[in-house]
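A.B. asks: Please work from the sequences and hints to get the whole structure.
As given, the protein sequences belong to chains L and A, one line each in that order. If you're matching positions, the first sequence starts at 1 in our numbering and goes up one per residue. If you're matching positions, the second sequence starts at 1 in our numbering and goes up one per residue.
Worth flagging that the hints you see were computed from the coordinates, not collected in a lab. Hints may be right or wrong, so weigh each one.
What the hints assert, rightly or not - Calculated pairs, BS3-like style, for lysine-lysine (alpha carbon to alpha carbon, straight line, at most 25 Å):
1. L/220 to L/138
2. L/2 to A/377
3. A/26 to L/3
4. A/266 to L/2
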Amino acid sequence: MKKLLLHIFIVACLFFIIDRITGLGLGFLYRQSNATDEYKISYSNESTRDSLLFMGSSRCLHHYIPSIFEKGLGTTCYNTADWGIKNIYFHYGLLGNILSRYTPKTIIFEVHPCDFQNTPFSGKERAGSLAPYCGMSKECDEMLKLSGNFWSYKLSWVYRYTGSLPNLITGKLGSMDRNLKGWKPLDGVLDTTGIKAEEYPFPIDQERIDLLERFINDCKQKNIQLSLIVSPMYLCSKEDVYKIPRELAAKHRLSFIDHYRDSTFVGHPELFYDLGHLNRKGAEIYSRMVCEELKR
Amino acid sequence: MVVNSLAFLWFFLFVMVVYYLCQTKKEVQNVFLLACSYWFYSQVDIKMTVLLIILTLIFWLLGKGIHHFMEKEDERKAGLMASLGVTIGIGALFYFKYLNFFAESVATFASFLGFHMSWTALHLVVPIGLSFFTFKLMSYVLDIHHGKILPEGNIVSFANYIAFFPTILSGPIDRPKPFLIQANVARLFNSDQLMTGFRRVLWGMFLKMCIADRLDIYVSAVWNNYEHHSAISILFASLLYPLQMYADFGGYSEMAIGVALMLGFKVAENFKRPFFVLDIAGYWSRWHMTLTSWLTDYVFLPLNIKFRDWGVYGTIFAIMLNMTFIGLWHGANWTFLLFGIYHGLWYIPLMVGGGFFKKRKIKVNAHGWPKQQYVWKMIGIYLVVTFGLMLFHSATIGEFWHICERIATHWQGGLFTDMSTMANAAICLIALIYVDIQEEWFPKYQLPLPHQINRWRWELTVAVEIVCILLFGVFDNNQFIYFQF
Chain L
1 MKKLLLHIFI
11 VACLFFIIDR
21 ITGLGLGFLY
31 RQSNATDEYK
41 ISYSNESTRD
51 SLLFMGSSRC
61 LHHYIPSIFE
71 KGLGTTCYNT
81 ADWGIKNIYF
91 HYGLLGNILS
101 RYTPKTIIFE
111 VHPCDFQNTP
121 FSGKERAGSL
131 APYCGMSKEC
141 DEMLKLSGNF
151 WSYKLSWVYR
161 YTGSLPNLIT
171 GKLGSMDRNL
181 KGWKPLDGVL
191 DTTGIKAEEY
201 PFPIDQERID
211 LLERFINDCK
221 QKNIQLSLIV
231 SPMYLCSKED
241 VYKIPRELAA
251 KHRLSFIDHY
261 RDSTFVGHPE
271 LFYDLGHLNR
281 KGAEIYSRMV
291 CEELKR
Chain A
1 MVVNSLAFLW
11 FFLFVMVVYY
21 LCQTKKEVQN
31 VFLLACSYWF
41 YSQVDIKMTV
51 LLIILTLIFW
61 LLGKGIHHFM
71 EKEDERKAGL
81 MASLGVTIGI
91 GALFYFKYLN
101 FFAESVATFA
111 SFLGFHMSWT
121 ALHLVVPIGL
131 SFFTFKLMSY
141 VLDIHHGKIL
151 PEGNIVSFAN
161 YIAFFPTILS
171 GPIDRPKPFL
181 IQANVARLFN
191 SDQLMTGFRR
201 VLWGMFLKMC
211 IADRLDIYVS
221 AVWNNYEHHS
231 AISILFASLL
241 YPLQMYADFG
251 GYSEMAIGVA
261 LMLGFKVAEN
271 FKRPFFVLDI
281 AGYWSRWHMT
291 LTSWLTDYVF
301 LPLNIKFRDW
311 GVYGTIFAIM
321 LNMTFIGLWH
331 GANWTFLLFG
341 IYHGLWYIPL
351 MVGGGFFKKR
361 KIKVNAHGWP
371 KQQYVWKMIG
381 IYLVVTFGLM
391 LFHSATIGEF
401 WHICERIATH
411 WQGGLFTDMS
421 TMANAAICLI
431 ALIYVDIQEE
441 WFPKYQLPLP
451 HQINRWRWEL
461 TVAVEIVCIL
471 LFGVFDNNQF
481 IYFQF
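C.D. replies: Shown next as C-alpha cells:
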C-alpha cells in the first residue's frame, strides 16, 4: 500500500509540473496567436485601452466597424464581440476582466435573446471561452464557476486550452487584421430561398436577467456610459423579442437603441450575409447610422 | 453513470477502499461487490435491476437443475432445462428488443399480401446491457449442459458474474468459468495489478475522449445532415467511422478491463488491432472478440456440425446464420440484419477458396514492416468494413440508400472541413496507430505502451497521459455507442 501511495504521490507531482509547464507554454502561444478567435479574446481581455467598446455576440462582431466610430466620434474604439452564440455569462465575465484593468468611457452592448432567455443552444458553458483568464477577476471566476468548470481550470492549466493545441500551434500563421479593431466583415449576399424569421420561444431565465442587471450596475458604478442596442435582422419575429432589455434600459435610464425592425435593412438581402448578420456593405451603412445617433 | 465520468471516479474510489479493506474475507468482499454492482445498475434503471436479479436467480436454479439431471444421467430433462434457459434468455431479448420490430414487419408483410393486420407498438424500454448479460446467462447454462463447468454453488459469486459492474453495460462478454474461478478466491490488494489496470483505464479514456468523441463531432456533423454534404465529405466521414467505432467500443472495453483488473479480475480481451488483418474472418477474430467467440461456440460450431454433410455449403449456411445473428444482436433493424448478411457474404470466397480455416499471417520485410501487398489487402478490408458500417450507422435502409445515391450523384462541392476537430483527432490517431503498429509488429521494443509497466517510468507516462487527455479530450460527450445494444 505504501508503495502504491508513493507512486500516486509521484504521479501527482509529475502531473502538477507537466501541467503547469505545458499550460504556461499554451498560454504563451494563446497570447501570441494571430488567429481570429484567440487573438480577439486575448486582446479584449488583456489589452484594450479604448474609450468606446462594443460588446456582444456574433451580430455585434460583424455589425460595428470601429474605424467609422473612431472617425465620427473622435475617440478610440474596439469591438470585443465574439462569435459562437456567446451570452451574458461570457459577456459579464469579459466585462469583469476589462474593468479589472481600466474603465472605458462608453460601452455599447448588443443584446441577444440568449442574454435573457434559457436558450438550449447557448447556456452557461459559453463562459468556458474565458478559461485562459481564470483568476483574472472575480466576475470571470464566478462565471466559470457557473459554467461548472472553475475547479477543473484551477486544477489543470492545460485543461483551460483543451482541444485548442492545433489552433495555437498554427496561430502565428493566422491572418487577423488588427486594423479592423475587432470587427469581422462578412462578404456575400443572403440567399433568401426558404428563409424564415428566427423565433425565440424559450422561457425567460431569471439568472441571466440578474446578470444583465449586474452588468448594468457594474457599468453604472464605474460611471461608464452604457447603451443597449439591437441591430437589424433580415426578417423579424412578430413577437416583441426585446421587451425585457427595453424594460431594463428604462428601469436603469439607459438608452436603448432598437434597429431590429429598421426598414433600411429589413427585407434587403443585398445588405445581409445571412438572416441575422449584415454583410460588409450593410455593416458600413449601419455603423454610420449608429455613429450619427451616438453623436446626437 | 458512465465509466469516464467524475461520478464514476468517486463511486469507484469508495468501492476500492471498502473492497480491499475486506480483502481477507472473500464472502464479505463478494457481497459488497455485488451490492455495488446492483447499485451501479440501478442508477441506469431500478426496475431493470429487479429483472436482472430475477433472471440471475432463475438461471442459477436452472444450472443446479441441469447438473442434477446430468448426474442422474437423465439427458432429456437436462437438455430440456438447458433449452428452457436459452428460451428465457432469447425470450427476454426478443420481448425487449425485437417484439415491436417483428410484429411491425409481420403486419407490413401481411398488408403487402393484402391482409389487414395492425400492431400498436409497445413502449418498451430496452434494459441497458441486456444483450450482454443475457448472453452471459445463456452461456452459463449451456456450459453446464456441455459439461464444461459445474454449477456455481454460491449464488453471490454467480450474481457477481452476471452483474459485475465494469462489464454489465457493454461487455466484454466474459465466460463463466474463468470469472467464477476468480470470484471464488479472495482478491488481495496487488499494487502491480492496480497500476496495470489504471494504465488501461487511462488508455481507454484516451481512445474514447480524444479519438472517438473528437471524430464523432465530424462524423455526426456530416452523417446527420448528409443531404447537405457533398459525396467527398460523406465518404470521408464514412472512412473515419470505423476508427470512431474502434476507439469508442475499444476504449470502453479497455476501461472495463482496467477497472476489473483493479478489482482483481482478469476479464476477456475484446479488441486486438482489428484492422491489421487480411480477410473478414481475421477482422471478426479481432473485433468484439467476446461476442464473436460466443456466437462461434454456441451458434456457428453446433450449426456447422449439424450441417457437415452438406460440405462447404453447410459451412456457408452456418456462417451466414452466425453473421446474421451478429447483425441482429446489435438491434432490431433491417440495417443490422443486412449488416450481418453483408459480412457473411464476404466469408463465402474464403470458404470456397479454402482460406477460411487457415490463419493468414501478414508477412513482414527485413525491417519488420508488413510487405506492400499485405498493406493493400489491409486497406481493402478496411474499405469492406467501412461499407458495412455505413449500413450499420444508417437508421433505415431508405436512409442508407439515399446516402449511397448522394455519394453517386453529388460530386460537386468540396470537403467539409472542421480544421480544429480534424487536427486534434489526427494527432491522437497518430498515437493510436503508433501504439497499434508497435504492439502488432514491434513488440520487443520497450516503448511506453499502455499495457506494459515500465517500472521506472510508469509515473511519467501516467502523468503525460492524463495531461494528453486533458489537452485533447472532449468532455461533454459521454455516451458510448455500444450502450444502445
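A.B. asks: For a C-alpha distance cap of 25 Å, please report whether residue 2 of chain L and residue 377 of chain A respect it.
C.D. replies: violated, 51 Å
A.B. asks: Checking one constraint from the list: CA of residue 220 of chain L to CA of residue 138 of chain L, max 25 Å. Satisfied?
C.D. replies: Status holds; Cα separation ~18 Å.
A.B. asks: Need the status of pair residue 26 of chain A, residue 3 of chain L: alpha-carbon distance at most 25 Å?
C.D. replies: Distance of about 24 Å is within 25 Å: holds.
A.B. asks: Can you confirm whether the C-alpha distance between residue 266 of chain A and residue 2 of chain L stays at or below 25 Å?
C.D. replies: holds, 24 Å
Checked against the numbered hints given earlier, this structure breaks only hint 2.
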